Amino acid sequence: MKAAVVLTAALCSAPAFAGWEPTKPVEIVVAAGAGGASDQMARMMQAAIQKNNLMKQPIVVSLKGGASGAEALMYMKSSEADPNKVLIAYSLIYMLPLSAKIPFNWRELTPVSVIALDQFVLWDNSAGPKTVKEFVAAAKAASAPFKMGGTGSKREDHVLTVFLEQKTGAKFSYLPYKSGGEAATQLVGNHTESNVNNPSENLEVWRAGQVRPLCVFDKERISYTSKVTDTQSWADIPTCKEEGVDVQYLMLRATFLPGKVTAEQQAFYVDLFHKVTQTAEYKDYMEKQALKPIFLTGKDMVQFLEEDDAVNKSLMTEAGFVAK
Amino acid sequence: MEAFGLLLHGFAVLLTWKTLALMMVGLVLGIFVGVLPGLGGPNGVAILLPLTFTMDPTSAIVMLSCIYWGALFGGAITSILFNIPGEAWSVATTFDGYPMAQQGRAAEALTAAFTSSFIGSLVAVLLITFLAPMISSFALKFGPPEFFAVYLLTFCSFVGLGREAKHKTVISMSLGLLLAGVGMDTVSGQLRMTFGSSELLRGINFLVAVIGLFGISEILLTMEERLALRGHAASISLRVVLSVWKDLPKYWVTLLRSSVIGCWLGITPGGAIAASFMGYNLAKRFAKDPESFGKGRIEGVFAPETAAHASGTAALLPMLALGIPGSGTAAILLGGLMVWGLNPGPLLFVEHKDFVWGLIASMYLGNVVGLVLVLTTVPIFASILRVPFAAVAPMIVVSCAIGAYAIQNAMFDIWLMLGFGVVGYVFKKIGIPLAPFTLALVLGNRAEDAFRLSMIGSGGDLKVFWSNGLVGSITTLAIVLLFWPIIEGLFARVGWTQGTRATSR
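From first to last, the protein sequence lines are chains A and B.
Per the numbering used here, the first sequence runs over residues 26 to 349.
Per the numbering used here, the second sequence runs over residues 1326 to 1830.
In short, the hints are calculated from the structure, not lab data.
Warning: the hint list may mix true and false statements.
With a straight-line cut-off of 25 Å between C-alpha atoms, the simulated SDA-like cross-links for lysine to any residue are [to be verified]:
1) 196(A) - 1512(B)
2) 165(A) - 188(A)
3) 126(A) - 336(A)
4) 76(A) - 1350(B)
5) 300(A) - 1665(B)
6) 313(A) - 232(A)
7) 1620(B) - 1496(B)
8) 102(A) - 1518(B)
9) 110(A) - 1523(B)
Far from chain A, by Cβ distances over 10 Å, these chain B residues were calculated [claimed, not checked]:
10) 1429
11) 1459
12) 1493
13) 1500
14) 1693
15) 1720
16) 1743
17) 1811
18) 1812
19) 1815
Computed from a predicted structure; not experimentally measured.
All residues carry an ideal CB built from backbone N, CA and C; glycine is no exception.
Using the sequences provided together with the hints, build the complete structure.
Printed below as a string of structure tokens:
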């Protein structure tokens, strides 16, 4: 948090960025399907930028979730020097090149800013076990496969499932769906026993009382204390560590431009997304989706990405998901 | 009757001059984007979405949903006039709609398409109005085995009920399934059949294939037949419209059957595409003279259009209640909802009553206004056929290319489209049906994923497809349909069938 504040101050004192401005509609590239967390973030930005007149050109959101998001990565890679495309990136930028041998490296793109960190929560059906302990016991006792739904194969949800297995000794059958929304609906319909969706993906079904959050995969609880359901707020969800299962994972939400854009163009977007983080739409969105606020750019961002890359790589290797 | 009161309230919200004007604008824009092949509903709505940001949510959704209706209506126009389906579910409309246009009955076919779209949507909206809560809980019953059973049913009904030689249908379907496998495999997270090409990573886009298979191959065939597509008398008057309407009651069984199929598949999340094919196949099966299908029979337009639009409309329900869009266009509408901070989910119906009922009321109004609007413009569209082929053909090819390119902004897709054009031409020459191929291409992936997820979930036990009443009855029905010709033969042998049919064979 402190780092973000310092950075914000540094940014504000920097000279105003005159000069380059987009001359064509700007495309926000979403590496996931409609309705997923990335799409929602793109829509928030679209609304925040246009309602507050932060940019003259209009914004178009384009969904490129094909090949589990690889479509968006290749699209960005092939758009070198085009300053009118912004990718909303998440952990797939580290994982896809490892698991599916996609010829992509995030270092070939131009980093703009890290705008949020996303949580993962262990959820079960509201008719299922009430605590992590009961949940693990139920998974161990189950005679039929105990099903864990998630998005994609050999990705963050799958990695979390593997670590959950390692720490608890329970066995799960991981079912890879196409989107977090689908994983949520399938849990509500009792076709799976659990999922590890991001808060935003399960928010609506939680509010409707159809699923129950068991624990959050972070070292501290989520900070938002206003009530989401009649009785609970995000802060009421215990961490998995508190519940005796020490698994932690946070996922970046960051923006990138294609490679080989000019420093002026990069500066324009750094400024633009910084302004976005000051809008009411952004703040409202962060709280509603229980995202962790952060704003990194420049050297700090690259350092963060390098460290994050290393963490993801070791997790992927340990889970056995790196393609030979 | 709570629903009725809420609906009236919805109408009250809508009936202002401003909203009605927005409605007209939305419909005209929608028809326009629907007519351009490839641009189609999803792209059109995506482009127009930002227009609505400054409006209040209700006006905005009215405008957007009218664009949606307009695009649905417009999609039929290119299917019938040029054999180029704009949306996946317009494919079946081309089977009889295009022959009708070639026989100079374009106006009749268009009127039939619009009217049946209207009827299909109306039935589905009525369903949404009165049964919304019940239906959304029905959609929740669908897990991987249920989804697979539905896809299996579609495939089997094609093989069992189709008139083409069975082996040709199976060949065509297998090729489609093979191509559907190109790209990322969701279940294993691995790439398949991409041969190191980053263009193939995305997989083969269904619309690109369809534009080539139907549109381009048709141009090739027409060229070979010495520009046979020419200015047929495409005159239309109120008389044509009325004569089609007068005959409507004759087809009530087809209309009803297709509406039911459409609604049922529409609320099955993602099942909308299968509906038009099933509507068509069943109409063909139950007709007294199935041979006349595919040669310009009006029922061949009624059946798929009614089913497609019933399902297209019903598909909005899982989108609103579960956040799972049933079609590409619905997916963009979903994005629109989120911009206004309306998160689709079980609580949308409770917390945003004004909005939901405004939307439902706009479905009624948009449909009625849309029908009037498209019918009055039929003469304009039908007159396109009077332009000599030599002048129209290049325009069609160009707009096909633009359409194929626009889907994913990829030059590669234009080559792919041309390739599929040649494939389509060859298939038509050697008599391999195209429909099973396209069906397998669009549903193959989902069917495969659903099957493998079912297997993971059950530990590899096939009994999961009979594990409850719902999935069991769908699977059984699928198998019965697959072997229908044999079963029918057996019935005939023991003399337990309608006498007329047995003797007429």
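Each hint, compared with the structure:
no. : hint              : verdict
1   : 196(A) - 1512(B)  : holds, 18 Å
2   : 165(A) - 188(A)   : holds, 15 Å
3   : 126(A) - 336(A)   : holds, 18 Å
4   : 76(A) - 1350(B)   : holds, 23 Å
5   : 300(A) - 1665(B)  : holds, 20 Å
6   : 313(A) - 232(A)   : holds, 12 Å
7   : 1620(B) - 1496(B) : holds, 23 Å
8   : 102(A) - 1518(B)  : holds, 21 Å
9   : 110(A) - 1523(B)  : holds, 19 Å
10  : 1429              : holds, 42 Å
11  : 1459              : holds, 15 Å
12  : 1493              : holds, 31 Å
13  : 1500              : holds, 21 Å
14  : 1693              : holds, 29 Å
15  : 1720              : holds, 27 Å
16  : 1743              : holds, 21 Å
17  : 1811              : holds, 34 Å
18  : 1812              : holds, 32 Å
19  : 1815              : holds, 37 Å
Figure legend: structure checked against the earlier numbered hints; every hint is met.
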